[in-house]
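There are 2 protein chains.
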Amino acid sequence: MTALEEKIVNDGTVLPGHILKVNSFLNHRLDAAFIMEMGEEIARLFREDKPTLILTIETSGIPIAFAAAVKLGVPVVFAKKHKSGNLSGDLYKTTVHSYTHGTDYTVVAEKKFISDTDRVLIVDDFLANGKALLGLIDIVNQAGATVVGASCAIEKGFQHGGDDLREKGYKVCSLAIVDEMNDDGSITFRQQ
Amino acid sequence: MTALEEKIVNDGTVLPGHILKVNSFLNHRLDAAFIMEMGEEIARLFREDKPTLILTIETSGIPIAFAAAVKLGVPVVFAKKHKSGNLSGDLYKTTVHSYTHGTDYTVVAEKKFISDTDRVLIVDDFLANGKALLGLIDIVNQAGATVVGASCAIEKGFQHGGDDLREKGYKVCSLAIVDEMNDDGSITFRQQ
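Residue numbers (this note's numbering), protein chains in the order written: chain A, 360 to 551; chain B, 360 to 551.
Please note that a few of the clues may not be correct.
As the list claims (entries may be wrong) - DSS-like, lysine-lysine: derived pairs with alpha carbons at most 30 angstroms apart:
id: 1; chain 1: B; residue 1: K380; chain 2: B; residue 2: K490
id: 2; chain 1: A; residue 1: K471; chain 2: B; residue 2: K380
id: 3; chain 1: B; residue 1: K366; chain 2: A; residue 2: K366
id: 4; chain 1: A; residue 1: K366; chain 2: B; residue 2: K440
id: 5; chain 1: B; residue 1: K430; chain 2: B; residue 2: K366
id: 6; chain 1: A; residue 1: K430; chain 2: B; residue 2: K380
id: 7; chain 1: B; residue 1: K527; chain 2: B; residue 2: K452
id: 8; chain 1: A; residue 1: K380; chain 2: B; residue 2: K430
id: 9; chain 1: A; residue 1: K430; chain 2: B; residue 2: K430
id: 10; chain 1: B; residue 1: K409; chain 2: A; residue 2: K471
id: 11; chain 1: A; residue 1: K470; chain 2: B; residue 2: K527
id: 12; chain 1: A; residue 1: K366; chain 2: A; residue 2: K452
id: 13; chain 1: A; residue 1: K452; chain 2: B; residue 2: K380
id: 14; chain 1: B; residue 1: K470; chain 2: B; residue 2: K380
id: 15; chain 1: B; residue 1: K470; chain 2: A; residue 2: K366
id: 16; chain 1: B; residue 1: K409; chain 2: B; residue 2: K470
id: 17; chain 1: A; residue 1: K380; chain 2: B; residue 2: K366
id: 18; chain 1: B; residue 1: K440; chain 2: A; residue 2: K470
id: 19; chain 1: A; residue 1: K380; chain 2: B; residue 2: K471
id: 20; chain 1: B; residue 1: K430; chain 2: B; residue 2: K409
id: 21; chain 1: A; residue 1: K366; chain 2: B; residue 2: K380
id: 22; chain 1: A; residue 1: K470; chain 2: A; residue 2: K430
id: 23; chain 1: A; residue 1: K490; chain 2: B; residue 2: K440
id: 24; chain 1: B; residue 1: K366; chain 2: A; residue 2: K440
id: 25; chain 1: A; residue 1: K452; chain 2: B; residue 2: K366
id: 26; chain 1: A; residue 1: K470; chain 2: B; residue 2: K380
id: 27; chain 1: B; residue 1: K440; chain 2: A; residue 2: K471
id: 28; chain 1: A; residue 1: K490; chain 2: A; residue 2: K366
id: 29; chain 1: B; residue 1: K380; chain 2: A; residue 2: K440
id: 30; chain 1: B; residue 1: K430; chain 2: A; residue 2: K409
It should be emphasised that the hints constitute simulated quantities derived from the structure, not laboratory data.
Same shape as in the complex, but just chain A:
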C-alpha cells in the first residue's frame, strides 16, 4: 500500500534497535481517516476468503482491526493480555513471548465469542517475529475455527515472522513490508 509506505517515510521515526515509531498515526495518535483506508485495503485483500470474524490483540491492533471489520461487515474479538476482573466464563488461553519486553504473557479470549464455524481473519498493527500471531492462531485452533489469513499494517520483513507463517501455508498480507531499516532513518520496502 503505497500511501502507507509514504506515511511511514514521512511521519515514522527509526530508532536504534530496529524500532519503528509510528505513534503519530497508528498507535498513540490515530489518523482515523487513514486507518479506515487501511481497513478498506485489508477488506479488499481478504473479502474473497469470506471471513466471519476478525481477531486481534489489545491494544494497538484494535483500531486497524476495527476499521477492517467495518469494511468487511464482521465483528472483532480482541484478545486480552491478562485475565481481567471483568472476564469470566470459559477462556481460551495461550502464551506469547514478547521480544520487545523480554517476557512471556498470557493472552485470553472468551470461548463464547469464537465458534467452530467461524472463518477468522487475524489483524494486528505490527508483525515482527510473529509470536503474537502464532498465539492468536493457537486460540483459533483451540476454538476449532478456521484461520483464513492474517493482515498487519507493518511487517518487519527482516525479522522473518511473516515469511515463516507464509512457509507454513498461511495467507499473510501486510500493507507495508520493511526489509531494511537503518539508523540513519532510511527504509527499504519489499516490492509486493
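Take the given structure of chain A and dock chain B to it, following the hints.
Same frame as chain A, now just chain B:
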C-alpha cells in the same frame, strides 16, 4: 440512544456489585457496525462544538472513540495507562483512581499530539465515578487546550460522576444512562 438501551437489555449482563457486562458488543467482542452507529450519534451531539481532536484512554475506549473520530473527521489520541517503552519525549501525566481495581494508575500522553489550539472531545466506553474523565480533562488542561465536552457510551447515573461534571459546567452526553440496576437483572434508564 434507544438502540443502545435495547442492546444493553438484550445482550448485557448485570453482575453483583453493580457490574454491567457488555463484553458481547462493546469491550471484548466488538459489534463494529453498531459501534459506528454510536460514533455517528456522538458526532451528531458534538459536531456543533467543532472538536479538532478526540481524547480517550486505553483499552476499551478506543473503538467508540475511533468510530466518533471517523464520523467527525478528526484524529484520536488514546492516553496510555503506564509509561510504555515505546513512548518517549515529553509526556503529559496524570493520576487516576480506579474503584474497580482499588488502585491508582498513571496515565500519559505525548505532548506533541495535543496543542493549545485543540478543541478536545473526550470519549470513553463507561462513565461511573468520572475519575478517568477527570484525568483526561487534566491532560487537556495541561496542554492549554479546550475541553468541548465528554461523551460515553454507558453512564452509571447512580455513581454520579457524570452529574458532578455537568454541575462543573461540562457538556456531558452519554448515549445511555443507567439510573438503576438490580441483581435480578432489571435496569432503569434515565429519560434524556
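Checklist entry - Can you name, in rising order, the numbers of the hints this structure does not satisfy? => result As far as the earlier hints go, 3, 10, 11, 12, 14, 17, 21 are violated by this structure, in ascending order.
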